[in-house]
Amino acid sequence: MRTFFARLLARHVRPEFGKPGPRQEGGDLPPHLYGVIAEFAKPESLVQAVHAVRHEGYQVIEAYTPYPIEELHDAIGHGPSRVPLLTLIGGILGGLFGFFLQYWTSAVDFPLNIGGRPYNSWVSFIPITFECTILFAGIAAVLGMLVLNGLPMPYHPVFSVPRFQLASRDRYFLMVLARDPRFRAGDTFRFMETLGASHVSDVED
Amino acid sequence: MSANADRPPVIAPGYTPATVTDKISSVVLRKTPKWWFLGFFVSFMALQLLLISMVKLLILGVGIWGVNIPVGWGFAIVNFVWWIGIGHAGTLISAILLLLRQTWRTSINRFAEAMTLFAVAAAAQFVLFHTGRQWLAVYWLFPYPNTMGVWPQFRSPLMWDVFAVSTYATISALFWFVGLIPDLATLRDRSKHWFGKIAYGMLAMGWRGSARHWHNYETASLLLAGLATPLVVSVHTVVSFDFAVGIIPGWHSTIFPPYFVAGAIYSGFAMVMTLAIPLRKVFGLEDFITMRHLQNMAKIMLATGLIVAYGYGIELFMAWYSGNTFEQYMMHNRILGPYGWVWSLLILCNILTPQLLWLKKIRSSVLALFFISIIVNIGMWLERFVIVVTSLHRDFLPSSWGMYTPTRWDWSFFVGSLGLFFSLMFLFIRFLPVISIFEMRTIAKGHDPASADVAEMKGAS
Chain A
0 MRTFFARLLA RHVRPEFGKP GPRQEGGDLP PHLYGVIAEF AKPESLVQAV
50 HAVRHEGYQV IEAYTPYPIE ELHDAIGHGP SRVPLLTLIG GILGGLFGFF
100 LQYWTSAVDF PLNIGGRPYN SWVSFIPITF ECTILFAGIA AVLGMLVLNG
150 LPMPYHPVFS VPRFQLASRD RYFLMVLARD PRFRAGDTFR FMETLGASHV
200 SDVED
Chain B
0 MSANADRPPV IAPGYTPATV TDKISSVVLR KTPKWWFLGF FVSFMALQLL
50 LISMVKLLIL GVGIWGVNIP VGWGFAIVNF VWWIGIGHAG TLISAILLLL
100 RQTWRTSINR FAEAMTLFAV AAAAQFVLFH TGRQWLAVYW LFPYPNTMGV
150 WPQFRSPLMW DVFAVSTYAT ISALFWFVGL IPDLATLRDR SKHWFGKIAY
200 GMLAMGWRGS ARHWHNYETA SLLLAGLATP LVVSVHTVVS FDFAVGIIPG
250 WHSTIFPPYF VAGAIYSGFA MVMTLAIPLR KVFGLEDFIT MRHLQNMAKI
300 MLATGLIVAY GYGIELFMAW YSGNTFEQYM MHNRILGPYG WVWSLLILCN
350 ILTPQLLWLK KIRSSVLALF FISIIVNIGM WLERFVIVVT SLHRDFLPSS
400 WGMYTPTRWD WSFFVGSLGL FFSLMFLFIR FLPVISIFEM RTIAKGHDPA
450 SADVAEMKGA S
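Residue numbers (numbering that gives the first Met the number 0), protein chains in the order written: chain A, 0 to 204; chain B, 0 to 460.
No lab work stands behind these hints, which were simulated from the structure alone.
Worth double-checking, as some hints may not be accurate.
[Claimed, not checked] If you want the ones that stay clear, here's a sample from chain B, every Cβ over 12 Å from chain A, calculated:
| # | residue |
| --- | --- |
| 1 | LYS55 |
| 2 | GLY131 |
| 3 | PHE153 |
| 4 | TRP319 |
| 5 | THR352 |
[Stated by the list, open to error] One side only, chain B facing chain A, incomplete, derived with CB under 10 Å:
| # | residue |
| --- | --- |
| 6 | PRO142 |
| 7 | THR146 |
| 8 | ARG407 |
These figures come from a predicted structure and were not determined experimentally.
We put the beta carbon where it would ideally sit given N, CA and C, even for glycine.
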């Protein structure tokens with residue numbers, strides 16, 4: 000069980016949020032560089048750029064879009080979401096909680112004879128069991144989504160890029176993080192410029 | 000798709016993700032219009048009436064209402080069921096229509112969900128205050144360890160109701176807030192004022208719209224929709240159990256759960272229509288909330304209205320077919336008794352008037368739809384009055400018959416709850432985007448020639 004939860008937690012640690020790791024020899028990085036970000040005007044340019052960047056061997060990348068794009072998720076190669084598993088766990092716990100709350104209070108802690116009905120009137124307990132299942136599953140889905148996305152996180156290095164506020168309007172961004180093993184400050188910047196981006200800039204940590 | 004060719008579009012042509020973003024966020028970020036202050040003032044005054052009534056009730060007790068034996072359930076329950084029912088359309092639009100991939104829901108789901116939340120808030124006031132002494136109600140409504148060592152009675156539908164409604168309120172609030180997160184980030188990025196930047200920034204919690212964010216987000220939204228769909232059906236089913244489990248003629252019926260759920264959706268869509276028509280006008284959002292939306296909602300109203308009519312029919316049939324004297328007398332009294340005029344008005348509002356919606360000409364007239372939606376709202380309120388009051392006021396023994404007359408405090412609570420609802424609604428339309436911006440971008444991108452390639456890629460894969 001311990002390894003199960005350890006794996007659950009360990010595998011969701013996304014590259015985007017980690018601390019900069021060791022870099023390969025020869026990559027002379029400026030001290031506070033978080034990554035290089037490129038801005039695209041069209042979603043398909045971004046998807047193509049993701050393919051190109053991955054083809055070049057970069058792994059620690061992240062893309063930002065104003066609305067969900069399914070192709071982008073496939074292109075960038077993130078695994079399946081863990082939200083469904085957490086929701087399932089929440090639902091099962093909620094159902095058990097709901098039922099045993101009623102069972103324990105009505106049949107164990109303070110049994111009351113009401114019109115000769117059985118103490119464990121499980122049929123009458125179903126509506127509340129159902130409601131608790133939904134409640135816990137829903138809360139697990141929302142909290143799971145927030146935790147897996149690393150939210151709340153009021154500040155993130157990409158917010159230091161002035162044009163990044165267009166990521167919530169009509170611009171599409173691709174960032175290669177400085178802790179990517181293949182990252183070379185100058186080379187990566189020049190490579191990103193060849194992808195058809197309208198702007199390329201460094202992201203300060 | 001060719002069958003849809005003559006229908007009005009879901010969004011007026013020519014919009015791109017950029018223009019959609021600017022248009023909807025400008026509604027929030029521009030200066031407050033004058034009509035807003037007027038509308039908010041009137042609603043807020045009505046809300047004060049609710050607060051005064053609450054204080055009066057806390058001092059004197061529920062005796063200030065017209066409830067007595069035999070009619071122990073009066074306006075409080077009528078209003079509670081009415082408000083909860085109105086809320087159901089919001090969940091239906093945001094959850095069930097999402098699962099059915101109805102893209103037209105996109106521009107109405109945000110404020111329909113807000114309507115749900117505020118309707119549940121209004122309903123909650125009646126649940127709380129009809130207990131008379133709320134601080135004593137806590138131990139028999141919520142299972143917490145208390146010094147008396149007693150627990151709530153979980154075999155009672157009233158307890159199921161507490162859990163159903165509080166779960167519904169929580170899930171609706173979560174669903175609504177999750178839907179808002181990307182739009183709050185949009186407002187954070189668009190806002191020029193330092194306070195707006197900070198306030199929206201804190202609420203957006205650092206949303207960046209990364210591929211990872213969207214993937215988890217979409218998954219969570221879909222799961223919430225899947226959870227909310229059975230939930231919304233269960234809530235009004237449980238509300239109907241409050242009646243159906245009792246052995247009162249007129250209540251003790253298996254038709255109640257489906258008939259209540261259909262009635263809830265019926266009244267909810269009527270309220271969405273009542274709110275959407277002025278909203279699109281004052282904010283100039285006719286391009287996003289088009290005639291297509293109004294026509295679709297009119298059709299849903301017509302369909303659910305017919306289900307409700309079927310419910311009335313079955314009630315009549317069962318009263319006759321049961322051969323039960325009390326059941327038959329209840330129905331006779333409901334139609335021809337002292338409250339018979341309420342029943343006639345109910346049939347006029349709920350069954351006859353909506354038949355106009357069969358006509359395409361009526362479905363295409365904004366004004367006609369607005370008035371029909373208000374009539375349906377009134378009709379659904381009358382339905383709850385008929386169910387609650389006419390079933391109770393003449394029960395088994397003529398010696399215990401009585402009449403129920405609402406007092407001014409009954410009315411002040413009702414008007415006050417409208418004040419609460421509209422005050423919250425006015426605050427919502429002022430400070431939050433009334434239409435989901437990011438979902439509108441996904442619709443607008445279809446009109447954007449730049450993204451044609453992505454659609455092709457999707458088709459090829």
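Each hint tested on the structure:
no., hint, result
1, LYS55, "holds, 33 Å"
2, GLY131, "holds, 23 Å"
3, PHE153, "violated, 4 Å"
4, TRP319, "holds, 31 Å"
5, THR352, "holds, 35 Å"
6, PRO142, "holds, 6 Å"
7, THR146, "violated, 13 Å"
8, ARG407, "violated, 36 Å"
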